[in-house]
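All chains, please: the whole structure from these sequences, using the hints.
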Amino acid sequence: MRITQICVGCGHCKVFCPSDAIETCGVSRINDKCIECGKCKGYCAIGAITEEP
Amino acid sequence: MKVAVIGGGLGGLLSGAALAREHDVHVFERLDIYGGRFTNLPYKGFQLSTGALHMIPEGPTGPLALLLKQVGAKVDIVRCKPDACLMKKDNTQISFYNFRELLSSSAQAKIPALFMKMLIQKKGTVADMVWNDPEWLALSDSCCGWALSTTSKDTPAAEASGILKHVIGGGPGKYNTPGVPMGGCKAVVDALAGVIEANGGRITLNSKVDSVLVEDGKAKGVSVNGEKIAADIIISDIGHKLTSELYDAGLLNPKYAAVLKKVRPSAGIKICLAAEEPLVGHGGVLFTPYTQRINGMDEVTHIDPSLAPEGMHLTMSHQAMRSSDVQNEIKLGLQDLKHMFPDKKYSVLLVQSYRDDWPVNRIASGFDLGNLAPVKNLYVVGDGAKGKGYIEVEGVASGVMNMLDMLKKAS
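Chains F and W, in that order, are what the protein sequence lines are. Just so you know, the first sequence maps onto residues 1 to 53 in the working numbering. Just so you know, the second sequence maps onto residues 1 to 411 in the working numbering.
Bear in mind the hints are in silico, worked out from the structure with no lab data behind them. Incorrect hints may have been included.
[Said to hold, decoys possible] Pair ranges (Cβ atoms, derived):
hint	chain 1	residue 1	chain 2	residue 2	range
1	F	S19	W	D232	23 to 31 Å
2	W	L66	F	S19	26 to 34 Å
3	W	K409	F	D20	46 to 54 Å
4	F	K33	W	K261	40 to 48 Å
5	F	R2	W	Q327	18 to 26 Å
6	F	R29	W	M182	55 to 63 Å
7	F	E23	W	G281	28 to 36 Å
8	F	R2	W	G72	25 to 33 Å
9	F	S19	W	K344	30 to 38 Å
[Stated by the list, open to error] DSBU-like, lysine-lysine: derived pairs with alpha carbons at most 30 Å apart:
hint	chain 1	residue 1	chain 2	residue 2
10	W	K228	F	K39
11	W	K123	F	K39
12	W	K165	W	K74
13	F	K41	W	K241
14	F	K33	W	K44
15	W	K331	W	K44
16	W	K241	W	K409
17	W	K331	F	K41
18	F	K41	W	K208
19	F	K39	W	K241
20	W	K74	W	K388
21	W	K255	W	K122
22	W	K218	W	K388
23	W	K331	F	K33
24	F	K41	W	K228
25	W	K262	W	K123
26	F	K39	W	K44
27	F	K41	W	K44
28	F	K33	W	K345
For glycine and all other residues, C-beta sits at the position ideal for the given N, C-alpha and C.
As structure tokens, this is what we get:
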């Protein structure tokens, strides 16, 4: 999973991430705890999360 | 009639609930959740929010409460007491109604003239209205920033004047002051979704509307995930700009296209805090005129303790974004909190920023474009199509009421 540059930092993805793999402060970043479940993508308000590397 | 609603935010759900009794309503929501920027985000036992700070600006007597009642959505909205306080430079608080205490005698002398201007001034900005006086600007920036995510310099005086009239409402003792929906924002959108579904309407999640189908200048339906769905009326809750991208650009009249290019969203930052001991100390709004960035705070767990784990408080600050350097804006906000509560223990649960395509308002307050799109049978609701002179969700409700009036007249 990757968060693209259009992220605004609303924090939806962080809240719904089951593995605490997202840090949010201004923008969001996925850290190495990510288990690639893809849940964050469904909650991203602006389509900023992609499965592409 | 068949009604297709694009977007399940507050405006879309209010519209759907209002129309579901008499029409076949289908709400299409792109995300896994409905509610847009007006629902809860459960996190570590707290009910954070997607946008709004679990407050309804005019409480149980404003347009949102009225519309909820009209559509049969049962929500318990509890008026905040005190409704608002001001934080002084020494970090103590006074009632908002004692704001004179914060002003020098020369600034106090301007009060009668200012009240007159607030009631009648139609031109210029709030900054003009307060003579760009630094003492008054501190107060007006705090109010504009908290309520609208704008500064005094970019808030039209007419909008502020309209808001004041609506808040003053029925006169002393009958002010339309803030309230908290019990259960938070989600209680409101869940009640609306319940009304839609109870009347045979549908809300489909994970459904992205790709385009509005137009024939001979009239909207005839929507394409959802590639499937064409016919509708007589289309109501969009995704703002004027994104809505305009769903139909042929050739349908845009030059005036509307020019306005769309000109309007700007308003941006803001919310900092969500967890605290065992209260920080704000009451359930009303705490305006903070003497900070670097934070405009105001609330601690709604004094009214609805279920929004935090037992024995904890959920405290939220809000600030208008004053520059595009979001990291610096957040840093200044966090510094403000340290300065305001130097001896208090709290932890930052989440910092949320709202800008660009997910802003506080898709069009800054006072510049809303109304409900009409340049395609017949297509209406826009939500932020960017708010009624004039209302704060945030009250404006959304007022805009939906305006749209419903238009529909009635059209039929």
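**Asked** Under the criterion that the straight-line Cα-Cα distance not exceed 30 Å, is the pair K41 (chain F), K208 (chain W) satisfied?
**Response** Holds, at about 14 Å.
**Message:** Please verify whether K74 (chain W) and K388 (chain W) have alpha carbons no more than 30 Å apart.
**Reply:** Roughly 26 Å between the alpha carbons, so the hint for K74 (chain W) and K388 (chain W) holds.
**Request:** For the pair we were handed, K218 (chain W) and K388 (chain W), check the Cα-Cα distance against 30 Å.
**Result:** Judged against 30 Å, a Cα distance of about 27 Å means the pair holds.
**Message:** Taking the Cβ atom of L66 (chain W) and the Cβ atom of S19 (chain F), is their distance within the range 26 to 34 Å?
**Reply:** violated, 44 Å
**30 Å Cα cutoff - pair K331 (chain W), K33 (chain F)** = Distance ~26 Å between K331 (chain W) and K33 (chain F) Cα, so the pair holds.
**Item:** K33 (chain F) paired with K345 (chain W) [C-alpha distance capped at 30 Å]
**Value:** Measuring from Cα to Cα gives roughly 29 Å; hence the hint holds.
**Request:** Given the hint of 55 to 63 Å, check if R29 (chain F) and M182 (chain W) actually sit that far apart at their C-beta atoms.
**Result:** violated, 35 Å
**Asked** Within 30 Å, alpha carbon to alpha carbon, are K123 (chain W) and K39 (chain F)?
**Response** violated, 48 Å
**Message:** Check the hint pairing K33 (chain F) with K44 (chain W) against an upper bound of 30 Å on the C-alpha distance.
**Reply:** With Cα atoms ~18 Å apart, K33 (chain F) and K44 (chain W) stay inside 30 Å; holds.
**Prompt:** For the pair supplied as a hint, K41 (chain F) and K241 (chain W), is the alpha-carbon distance within the 30 Å limit?
**Reply:** holds, 23 Å
**Asked** Given the proposed pairing of K165 (chain W) with K74 (chain W), does the C-alpha separation stay at or below 30 Å?
**Response** holds, 27 Å
**Message:** Holds or violated: the 18 to 26 Å window for the beta-carbon distance between R2 (chain F) and Q327 (chain W)?
**Reply:** At roughly 20 Å between Cβ atoms, Q327 (chain W) and R2 (chain F) fall inside 18 to 26 Å, so the hint holds.
The structure fails hints 1, 2, 6, 8, 11 (numbered hints given earlier, in ascending order).
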